[in-house]
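Using the hints provided, position chain V relative to the given structure of chain W.
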Amino acid sequence: DTGVSQDPRHKITKRGQNVTFRCDPISEHNRLYWYRQTLGQGPEFLTYFQNEAQLEKSRLLSDRFSAERPKGSFSTLEIQRTEQGDSAMYLCASSSLAGAGEQFFGPGTRLTVL
Amino acid sequence: QQQVKQSPQSLIVQKGGISIINCAYENTAFDYFPWYQQFPGKGPALLIAIRPDVSEKKEGRFTISFNKSAKQFSLHIMDSQPGDSATYFCAASKGSGTYKYIFGTGTRLKVLA
Numbered sequence: 005d006t007g008v009s010q011d012p013r014h015k016i017t018k019r020g021q022n023v024t025f026r027c028d029p030i031s032e033h034n035r036l037y038w039y040r041q042t043l044g045q046g047p048e049f050l051t052y053f054q055n056e057a058q059l060e061k062s063r064l065l066s067d068r069f070s071a072e073r074p075k076g077s078f079s080t081l082e083i084q085r086t087e088q089g090d091s092a093m094y095l096c097a098s099s100s101l102a103g104a105g106e107q108f109f110g111p112g113t114r115l116t117v118l
Numbered sequence: 009q010q011q012v013k014q015s016p017q018s019l020i021v022q023k024g025g026i027s028i029i030n031c032a033y034e035n036t037a038f039d040y041f042p043w044y045q046q047f048p049g050k051g052p053a054l055l056i057a058i059r060p061d062v063s064e065k066k067e068g069r070f071t072i073s074f075n076k077s078a079k080q081f082s083l084h085i086m087d088s089q090p091g092d093s094a095t096y097f098c099a100a101s102k103g104s105g106t107y108k109y110i111f112g113t114g115t116r117l118k119v120l121a
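If you're matching them up, the sequences are chains W and V in order. Just so you know, the working numbering puts 90 at position 86 of the first sequence, and the rest follows in order with no gaps. Just so you know, the working numbering puts 24 at position 16 of the second sequence, and the rest follows in order with no gaps.
No lab work stands behind these hints, which were simulated from the structure alone. Computed from a predicted model, the values in this text were never measured in an experiment. Treat the hints with care, since some could be wrong.
[Said to hold, decoys possible] On the chain W side, residues computed to face chain V include the following (Cβ under 7 angstroms):
hint, residue
1, Q45
2, Y52
3, E60
4, A92
5, L95
Every residue, glycine too, gets a C-beta built ideally from N, C-alpha and C.
Chain V with its partners taken away, still in its complex shape:
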C-alpha cells in the first residue's frame, strides 16, 4: 500500500516531442503528488506538484494529469528539449503526520537533438 509504481524505466524522445511518464499508487491517504527532476550527481529538484482536488496542472511545458478514481497520475513534457534529459521521479505523501515522500523508481529520459 505504500508503493508508488512508475513507468517506463527509460524513455527516448526526439527533440520537440512529448515525453509521458506514468505513476500509480494504492494508498488513498496520499494527497500530495510531486514530480522531481534529477541530474547526475545532483539532488532532486521539484518540477511540479498536484493535489487530488484537481485533474490537471500545467506549468510551462510541464503538465500533471491526475486520475483519482484510477489512482494514477502522469507527467507530460511538451516540446521536449535535450536539456530535459535527466531522471524523473514521481512521489506521493500523506496530508498529515511527517509528510514523508514515497518515491517511484524513476524514469531516465533522453531527448535526442
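This is chain W alone, in the form it adopts within the complex:
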C-alpha cells in the first residue's frame, strides 16, 4: 500500500503528558498537511510543509504544538502538556506540487486525553 500512513492509530494519554504522532506521506509528494478533526466536525487545518520547510501554521496551533518534517520525508506532530481539549483525530495529508490541489489523507491518529 503506497498511501499515506500514520502512527499510532490510537493514543490514550493523561493530561499533562507529551505525545508525538508520525505521518509518512506518499513518497513523491512534496506537500504535507496536518489537520485536526473533532467529533461531528470537518477537519481544520493546522500546518503545512513544502518539502522540509514549514510554510504556514494555523492560529489553532498553540505553542504546545510543534511539527517537523526533517529531510522533507516523514513528519511528526508533537503536543506538549496535553489538555482534554486536545482530544481529536489528527489527520495527515499529502499532495504533489504538480497536483491540481488533490490531497490524499491518511487514516488519522485518534488522541484521547484523560
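What follows is chain V alone, placed relative to chain W:
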C-alpha cells in the same frame, strides 16, 4: 470569508434515490472545490472535485453542480446505495499558496436498504 457552509447536517435517502448535499462559500479566491467521503474511523477519501471554469462535473453516480455567481456548489449522488452511507465533506482551497483546505461541517448520509 474563510467559511464553507454545508447543509443538511444529516440526510436519509431510500435505496435508489438521489442524495443532494449543498455547500456555500464567500471567498472568491477559492478555485478548487473537492468533495470527500469519510467512513467511521477512516481518513477522508476524495470523491470528485471541480474548478469554477465548469458548471458541472460527473463521475459515475457522483455529480458536482457549481454556481459561480451564487458561490454555491452541490454534490448529487444518483441511485444511492447502502454502501454510500458515510459522512460527506465539501471543501474549498485557493489556487495559490499552500492550497490548504477549508472544510464544511459535514453531512451524515444514511441510505436505507
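Each hint tested on the structure:
Hint status for Q45/W relative to chain V: holds, with the closest Cβ pair at about 6 angstroms, below 7 angstroms. Hint status for Y52/W: holds, given a least beta-carbon distance of 4 angstroms to chain V, under 7 angstroms. Contact between E60/W and chain V, as hinted, is supported at the beta carbon level, the nearest pair being about 5 angstroms apart and thus within 7 angstroms. Of the supplied interface hints, the one on A92/W is violated, with its beta-carbon coming no nearer than about 13 angstroms to a beta-carbon of chain V, more than 7 angstroms.
The closest approach between the C-beta of L95/W and any C-beta of chain V is roughly 6 angstroms, which is under the 7 angstroms cut-off, so the hint is satisfied.
Checked against the numbered hints given earlier, this structure breaks only hint 4.
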